[in-house]
Amino acid sequence: MITVTVNGQRHDIDADPNMPLLWAIRDILGLTGTKYGCGAAQCGACTVHLNGESIRSCCTKLSRAAGQQIVTIEGLSANNNHPLQLAWNEMNVPQCGYCQSGQLMSAAVLLRENPNPTDQDIDDAMSGNICRCGTYQRIRAAIHRAAELAKEGAKS
Amino acid sequence: MNGISRRHFIKTTGTAGVALWLGISAKGSTRKVSNVATAKNFNPLILVESNGNITIFNTKPEMGQGTFQSMPAMIAEEFEVSLDQITIKNTSGEKEFGDRQRAGGSSSIRTTYNDMRKIGAAAKTVFITAAAAKWQVDESTCYAEDGKVIHQPSNKSLSYGELVEEASKIELPKEPRLKDPKDFKILGKVSKRPDIPLKTTGKAVFGIDVIVPDMLYATIERCPVLGGTLKSFNADDALKVAGVQKVVEAERIVGKHHFTGVAVIADSYWNALQGRKKLKIEWDTKGHESFNSKEYENNLRKLASQEGIIDKNIGAIDTIKVSSQNTIEAFYETPMIAHHTLEPMNCIAHVQGDKAEIWTSTQVPSTIVGGGVNDVPKLAGFAPENVKLHSMFIGGGFGRRLYPDYVIEALNVAKQTDKPVKVIWSREDTTTQGPFRPMTFSQLSGSFSDDGKLVAFKHKVISPSYQESVRKDFEKTKVDGTMVEGIAEQDYEIPHMKTSYVRADYHVPVAAWRSVTSSTLAFAHECFIDELAVKAGKDPFDFRMELLSKPSDTKRVFQKLRELSGWDEPLPKNKGRGVAQWKFFAGQCAQVVEVSYDPAQKTVKIDKVTAVIDLGEVVNPDNVKNQTEGAVVMALTAAIKPGITFKDGKVIESNFYDNPVLRMNEMPVVNVHILAEGGKIKGVGEPGLPPFAPALANAIFAATGKRIRKMPFDLKIS
Ligand code: FES
Ligand code: FES
Chain A
1 MITVTVNGQR
11 HDIDADPNMP
21 LLWAIRDILG
31 LTGTKYGCGA
41 AQCGACTVHL
51 NGESIRSCCT
61 KLSRAAGQQI
71 VTIEGLSANN
81 NHPLQLAWNE
91 MNVPQCGYCQ
101 SGQLMSAAVL
111 LRENPNPTDQ
121 DIDDAMSGNI
131 CRCGTYQRIR
141 AAIHRAAELA
151 KEGAKS
Chain B
1 MNGISRRHFI
11 KTTGTAGVAL
21 WLGISAKGST
31 RKVSNVATAK
41 NFNPLILVES
51 NGNITIFNTK
61 PEMGQGTFQS
71 MPAMIAEEFE
81 VSLDQITIKN
91 TSGEKEFGDR
101 QRAGGSSSIR
111 TTYNDMRKIG
121 AAAKTVFITA
131 AAAKWQVDES
141 TCYAEDGKVI
151 HQPSNKSLSY
161 GELVEEASKI
171 ELPKEPRLKD
181 PKDFKILGKV
191 SKRPDIPLKT
201 TGKAVFGIDV
211 IVPDMLYATI
221 ERCPVLGGTL
231 KSFNADDALK
241 VAGVQKVVEA
251 ERIVGKHHFT
261 GVAVIADSYW
271 NALQGRKKLK
281 IEWDTKGHES
291 FNSKEYENNL
301 RKLASQEGII
311 DKNIGAIDTI
321 KVSSQNTIEA
331 FYETPMIAHH
341 TLEPMNCIAH
351 VQGDKAEIWT
361 STQVPSTIVG
371 GGVNDVPKLA
381 GFAPENVKLH
391 SMFIGGGFGR
401 RLYPDYVIEA
411 LNVAKQTDKP
421 VKVIWSREDT
431 TTQGPFRPMT
441 FSQLSGSFSD
451 DGKLVAFKHK
461 VISPSYQESV
471 RKDFEKTKVD
481 GTMVEGIAEQ
491 DYEIPHMKTS
501 YVRADYHVPV
511 AAWRSVTSST
521 LAFAHECFID
531 ELAVKAGKDP
541 FDFRMELLSK
551 PSDTKRVFQK
561 LRELSGWDEP
571 LPKNKGRGVA
581 QWKFFAGQCA
591 QVVEVSYDPA
601 QKTVKIDKVT
611 AVIDLGEVVN
621 PDNVKNQTEG
631 AVVMALTAAI
641 KPGITFKDGK
651 VIESNFYDNP
661 VLRMNEMPVV
671 NVHILAEGGK
681 IKGVGEPGLP
691 PFAPALANAI
701 FAATGKRIRK
711 MPFDLKIS
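Residue numbers (this note's numbering), protein chains in the order written: chain A, 1 to 156; chain B, 1 to 718.
Just to be clear, a hint being listed does not mean it is correct.
[Unchecked claim] As a list, the in silico DMTMM-like pairs of lysine to aspartate or glutamate whose alpha-carbon atoms are at most 20 Å apart:
#  : chain 1 : residue 1 : chain 2 : residue 2
1  : B       : LYS189    : A       : GLU90
2  : A       : LYS61     : B       : ASP236
3  : B       : LYS203    : A       : ASP124
4  : B       : LYS608    : A       : ASP123
5  : B       : LYS602    : B       : ASP714
6  : B       : LYS280    : B       : ASP236
7  : B       : LYS605    : A       : ASP119
8  : B       : LYS605    : A       : GLU90
9  : B       : LYS192    : A       : GLU90
10 : B       : LYS605    : A       : ASP121
In short, the hints are calculated from the structure, not lab data.
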């Protein structure tokens, strides 16, 4: 039995400790917002937060998450109102949408660490996340927009 | 659709009370039916219930191209409802929704625009008539807005829901009056796609996300040598892995190709993967084990000396006299590539006796319930009426999900267990097993008259055949039109032209890939036009405009592009611009790419891309821009990243580390301009791809003097 806290909720998971966290989250906990894209830490579709840091859940063993705090896209905000989600919606970022959970989770760490990211900072933080539909230009713009929204939010 | 609408009235037992279905019939005759599910020749699109619920059905699967909003938008505009007043439902191939439930060829809007508006307008008229009758007022004093009919003089109103019973008694007009586009509230405006909030919260359910109670998981080992067959396998060790329940053979059918793999069924996907590693399989790879891309490509080069089959012969190219000094020739090459939808192929199938239930992401719901060349029920051995599909959001289509091979395969697995089973392809499976976009090689020649006019142009395509891969009955003596697509359609005025095709045998399944063969042919064609401009000593844009003396869509698009791209503004040294366009079945787009060359590093950087896309009518402009930006990204990936290659019969590449796609740090600035000036309605999803690679290669030539004739090419100039 492995105990993991996901989006603030404790779960006791009975599975192979070598099972990638991705499959535990999706298939056992039924949180399917986190996606499988490559299984090889190449695409970022499976990005979640482990104790606040971005990790590739496809290459993280379930055992590594024991006793840790995991946040998935379902836990990014209560009401689709994280500044990044607001910006994503305002700027119509997604196409197929399959990569976007991972994009948002990577961007959330970037923005927390760096409230004013430059284009270079965005390249550095986001180049691990593939968008096959090619929404990169919008993701970049939306991260800048989210940075503004976060500041406005902080002021008000 | 020749677009006569009709209504249907049913009493439902649910809380909704009375419901009215409005839709389109294929033949145009009106008639009453007692049950919408069994009604023949009636495709409902709108459902209005007396509790006020309004549902609009979207028959075009959503894969990022925006049909979840754009299809209902065309109806809602005329029906006078806003998109947040309605529920949108994706259809799943159900017979009553017709046999055109498919998304491909950039066709969703361009083939339905008028019909969707018509049904919306007809529906609105019915509700206005119903309200006027109820109030006993003149119809002309009533109008509809926000799902209500309003009597102007008194300002009283009734919602559509309140009018259902009345409306059901009224015949739909055959030729309803459509709105003047200047009164549009949704079409052509900034409007939100209702699927976006679902995609920023992880709530959108893609095929791979579906959870069916009691479901098992499967992974399939397929022969690494494409074309190999299964000799035998031993599953003893695999069956010892915890959670593994069964190991079975499963046939996959893609076009004319039949492959058999070995499926490991387990209680979790992870356990199935562990079991798969323990399989011992003997494959028969005879005849294919030494196949390699280098040799195959050499063969294509040799085939170029053949005459080939003539596709189009315009003018008198074989008899006109041109001198050899006035003629240039060139040879262009492109690679085979994978689709790499980010959501890998997957399908849940549940077979119970002779019935099958399927949950998947597909571009072709209508094919999965029966019909067409890849008729799934037929190929998997089910009666079409026994197949039920749940069509989910698609994590990338790009043509790959026009092929239901992964559905047939999942059905064949599911036949061997009584539980529902979710088959998931790994990224490696997706990268190595095809079908792939075929490579095309092009031999071109162009000749000028003595007074410097381009008089003759030949484009010969050498490639495997798409149609041959798909159809068993393909006639090899005929030209495969897909492989020469678009060449003869260009608006350039060249008096003598010849298009021909040399088919190469191929045992690898090939497939349509976003913008199909235009994705490679435009590269050869439009780069060669540039070479001709150089030969003529002319600016590439001027040269093209001189070939467009008559009014044409290309001319119009080019004029706009020249202005927006700043083509005529001088550039500093080591910078260059390239232009290209392409007109084909899906639509039309032209682009200018601007690059900088760093001679010290010998690298090229893309500074910006300007695209003009010609649509006739536009439904959701911001979404068109998103699509075109994405098309550029996909075309850039195809231009500069390695393709799929074979060695010893196997695909060498396996995942994104050796078959990379474009990433954020490589993203150029893309500016998209939409032309929507009436006329022919053109598609959105694909036209942004073909002009990009030639525009980039032409820009590199302008900046560096290096002519690129082979994709993929490096942005490092050697
Ligand atoms: S699925 Fe984990 S990085 Fe691609
Ligand atoms: S939106 Fe489709 S992969 Fe990013």
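Quiz item: Hint by hint, which ones does this structure get wrong, listed from lowest number up?
Solution: 2, 3 and 8
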